[in-house]
Each structure stands twice: as C-alpha cells, then as structure tokens.
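Protein chains: 2
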Amino acid sequence: MNRQELVHTIREKQSYLCIGLDTDLHRIPRHLHAHADPVFAFNKAIIDATKDLCVSYKINTAFYECMGIRGWETLQRTIEYIPEGIFTIADAKRGDIGNTATQYAKTFFDTFQFDSVTVAPYMGKDSVTPFLEFSGKWAILLGLTSNEGSGDFQLQRMEGGEYLYEKVLRAGTSWGSADNLMFVVGATQTEQMARIRALVPDHFFLVPGVGAQGGDLAQISQLGMNKDCGLLVNVSRGIIYAGNGEDFATDARQAAQQYQTAMADLLARTTQTVGV
Amino acid sequence: MNRQELVHTIREKQSYLCIGLDTDLHRIPRHLHAHADPVFAFNKAIIDATKDLCVSYKINTAFYECMGIRGWETLQRTIEYIPEGIFTIADAKRGDIGNTATQYAKTFFDTFQFDSVTVAPYMGKDSVTPFLEFSGKWAILLGLTSNEGSGDFQLQRMEGGEYLYEKVLRAGTSWGSADNLMFVVGATQTEQMARIRALVPDHFFLVPGVGAQGGDLAQISQLGMNKDCGLLVNVSRGIIYAGNGEDFATDARQAAQQYQTAMADLLARTTQTVGV
Chain A
4 MNRQELVHTI REKQSYLCIG LDTDLHRIPR HLHAHADPVF AFNKAIIDAT
54 KDLCVSYKIN TAFYECMGIR GWETLQRTIE YIPEGIFTIA DAKRGDIGNT
104 ATQYAKTFFD TFQFDSVTVA PYMGKDSVTP FLEFSGKWAI LLGLTSNEGS
154 GDFQLQRMEG GEYLYEKVLR AGTSWGSADN LMFVVGATQT EQMARIRALV
204 PDHFFLVPGV GAQGGDLAQI SQLGMNKDCG LLVNVSRGII YAGNGEDFAT
254 DARQAAQQYQ TAMADLLART TQTVGV
Chain B
4 MNRQELVHTI REKQSYLCIG LDTDLHRIPR HLHAHADPVF AFNKAIIDAT
54 KDLCVSYKIN TAFYECMGIR GWETLQRTIE YIPEGIFTIA DAKRGDIGNT
104 ATQYAKTFFD TFQFDSVTVA PYMGKDSVTP FLEFSGKWAI LLGLTSNEGS
154 GDFQLQRMEG GEYLYEKVLR AGTSWGSADN LMFVVGATQT EQMARIRALV
204 PDHFFLVPGV GAQGGDLAQI SQLGMNKDCG LLVNVSRGII YAGNGEDFAT
254 DARQAAQQYQ TAMADLLART TQTVGV
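Read top to bottom, the protein sequences are chains A and B. Just so we're aligned, residue 4 is where the first sequence starts under my numbering, counting upward by one. Just so we're aligned, residue 4 is where the second sequence starts under my numbering, counting upward by one.
Calculated from the structure, these hints are not laboratory results. Just so we're clear, the structure is a prediction, and the values are computed from it rather than from any experiment. Please note: incorrect hints may appear among the correct ones.
Since the list gives no way to pick out one identical chain from another, each pair is judged satisfied if it fits inside one copy or across any two copies.
[What the hints assert, rightly or not] Derived DSSO-like pairs (lysine-lysine); straight-line CA-CA distance at most 30 Å: (1) K54 <-> K128; (2) K109 <-> K47; (3) K230 <-> K109; (4) K170 <-> K16; (5) K54 <-> K170; (6) K54 <-> K140.
All chains, full assembly: derive it from the sequences and hints.
Laid out in structure tokens, this is it:
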C-alpha cells in the first residue's frame, strides 16, 4: 500500500487506528481452545469485528514465534485473512547487516506479504536501506519508543547536544523518503512529540503506547498530526482484550469504535488547522 | 551451557571457533537440491565435518525465516542435530519491550533450546533483562558491530566524550554478569578492541567479521583475549562455502581446521601471558 492509498483510507474511514494483534494463547477466552488453531480463531473474530474501524493491523511477531512452527502457521493464516486495503505491519524490530537485512526484508515483504516491517537502527544505514528497496513496501524505524528503557540510550544526549533519537530521525530521513519510511514514536513521549514533528514534518509515525501503557490519544494526536494525518496510533491490549467472554469480539468492537469516534473528532478538529 | 563449561570446552578443543550457519538455499551445492530439505542436508554435512573443531554454531535466523514455515522446520532440525556440548547461538538480534522480549526469550530458549540469542540495545534495559532471567542461558548484546553502518550511531560520541557503544557496554555490564551476558564486537574494529577489553575485562565477546568481512584473527585475538579466552570468533562464509562441489564438507573441514590450528597457537601464546 502506498502513501496516497493510506491517506485516502484514513480520510474515508475517519480513522488512523492500528490494532495490534499481540495475541497470547494464555489470554484468549477459554472457549476458543476447542479450535484447532485458537489464536487464529481469536484473530479472525477480532478482524471481522473491527476491520471497518481501523486502517491497519500490526502483528507482533514475538507472540507467534514463541509457539514455534505452529505459531508461524498462525501468523500466515492471520496475514492472509486481513482484507485488502488495510495496511499491515510486521512488528518484528529486525536489524542486521546488508545481506541479512535483505533476507529479513524478503521474509516479511515477499514470503508473508506484509506492507511494512519495524526495523531497529543501532547497526546503522546498511541495516536499514535494504528494507527500502521494495516497491510499495515500508520500513518503520524505531525513533523514540514508549518504554521506560527509552531513557537509557534514545534520550541520552550526543556531543553537540541533540538526543540520540534525534540523530536517528535525521539519519532516517536521509536514507528513506516519506513514501517508504515511517518512524516509531511512543505515545508516552508527549514532551518530545512537538519537537519530533518539527524535525520530521512529512513522515508517518507509528504510535504505540496508547491505552495499557498510559499514552493519551488526544494529546499525542494534536501534537503529532500533519497535513496528511501522519499518524497510525496502535492499540493492542485495550482493544483485543476488552472482553474475555463468549462475546469478546463485540467488546473489542466497542473499544475500537470508541477510538475511531475520538479519531474522527480529532481529524475534524485538526482539519481546520492543516486541511486533511 | 554455563561459563565454566564453555571455558572447559575451549581449553579441551583448543578452539574458540564459532561456525555461522548462514545457509542460503541459492548458494549450496547443486546436488543437495535433490534432498527433501536441502538446507538441512547441507547443515548436517557441515556439522558432521566440523563439530570437533569448533565450540559453537551460530544460526543466523534471517536465512531460515525468509523460507517461511519450511525455514523454521529446517532451523528446528538443525538445532536438534547440533551435538550436546557445543554452544548454540540464535543470531536473531531481537529487541522489544518487556512483555514482548519475554516472548522472544521463550522462543529461543524454550521452544528452540538455544543456549543464547543476540539482542539489540536501542530500546534499553527493559528490552534486555528479560533475556537474562533464564538459568544457564545467555543474551549476547550488540556492542560494536563489524559493518560500515557501525559508524552511524555506535561510533558517534555522546555528551561527555564516550562513544555510544561504550555507553551500551557499560549499561550492559550493570544489567547482566559475565555468566549470562556477552557482547558482539566486530573483528573489523581493531582500533577499538583494546579499549573495549579494558572497559569489559571479564565478559565473553562474540566476534563476527573474520574472513569475508576482512577482520584479522591474530590481531583481534591478541587484543581481545582475556584469562578465560573470552572470545568466540565467528566465521560463516569462509568455512561453509569453502567448497561448492560434492566434497564441500571436506573443504569446510579444511577451512575450519586452519582456523582451529591458528587458534590453538594463539591460545598457547596468550596462555603465557594470561594463563588459559
């Protein structure tokens, strides 16, 4: 999915919601365990119940990998089940040198047909650019993450005064364009968001950390939106585990609906300023 | 495998060679394609031919992941085929926040039974410590890598003058001990190696970059060895692709033998200094 299509979808659905399928076998409703593939049964119900309310699904690969080969089968069923026209993210945070990075890019773009994959910056340019060479595909580079550990390195100052994460953002914008590169910016980083948007005016941000991690949707949206919206706000546990009974999918839909309604409002308010 | 066992194995085999099974379906000898699982047939022959000469095998997961579910089956067959008493490394460079990091740790330590996994530091402490909570298992944290991109961030100076990679090494040693944490230090980083060993005297280093990437075994060993050897030097392409005919395994053995002989000599020379 290219940028124009993504922006069009956001406008049409009045939503920039990404739903995180961080599906943990031990947290899904008990009745699903009768299915041959309980995690897929769960994901299928969540997708059916929410696909008109979100513009993206993010699959956290760790939750699938930990089940071994069966987990990868579940991942494949899930990615194949996501309807056309929804932006798919492999949240895999891969990062390795050129030759190996190309293998990872093939994994997620060719073998599993994701639109995008999250990438870690530590190893530098030659670990990122191989992901930028696939037409219509995206790398989503870790910028400033939502976790406590973001203080350990990302929010440490470099010689000259800028934060490490700012150096990463600046380098990223020199490697990729707003058409093939996004950045991860955590919703808990409200103090930094305005600064980040000023530094990177055009790129999309994938924003995790709303909900369970305490990020505030309205605040982060007002600080982070650009003229094309420029945000994919991810919610995982707050939607997929909204309920835990037979009607868990209905509960998930209600939670997703609340986010979509809030987003439509935030888009309308910001429209007046930036013209989405 | 714990540290004592690893040091004992190094002493017994007179080797600190790690062989990287970065096996690419498109680079293995043609006659193997008749096998149901050509990559496993290749790995099996390499392991049979080299297992007495090395102390470790490193599996670069990217080369397996890119084949999808079949690739994970091959990875599982390979890890199960590696004999007891050889240190196994999942070169997966994972890095994500607490909850997700735990899933990754389970993947490689429980599901696939590796001794260790490579981990990326960018997300900080809570992305690393979950890997340190498994008894007898190891995290191998990226310190200073061998690729050109190591200059982009790792070799950039922080406020106060130290390099980012030094900050990562210092943080790592405060999170884990020499019994559950190693660091990746590229063999091409000879200028930094003495400084790194001074900063981190006790931990093992996984050293990629000898061979195809141009690192010099003798030089890096003399700079990096400590009293317990403290090095696992990885060679991938230089051994596994030493030959490309029917007798590729014999060629691989010859290449591995050359490294082992050189390592025995370097261990003996360093013994006189540090008493291995």
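Okay, the hints, checked on the actual structure:
Taking the shortest alpha-carbon separations for K54 and K128, neither the intra-copy value of 35 Å nor the inter-copy value of 35 Å comes in at or below 30 Å. In this assembly of identical chains, the alpha carbons of K109 and K47 lie at most 30 Å apart whether taken from the same copy (25 Å) or from different copies (25 Å). For the homomeric pair K230 and K109, neither the shortest alpha-carbon distance inside one copy (32 Å) nor that between copies (42 Å) is at most 30 Å. In this assembly of identical chains, the alpha carbons of K170 and K16 never lie at most 30 Å apart, being 34 Å within a copy and 45 Å across copies at closest.
With identical chains, the CA atoms of K54 and K170 are never at most 30 Å apart, being 36 Å at best within one copy and 44 Å at best between copies. In the homo-oligomer, the alpha carbons of K54 and K140 lie at most 30 Å apart inside one protomer (21 Å), although the nearest pairing across protomers, at 41 Å, exceeds that limit.
Consistency note: the structure conflicts with the earlier hints numbered 1, 3, 4, 5.
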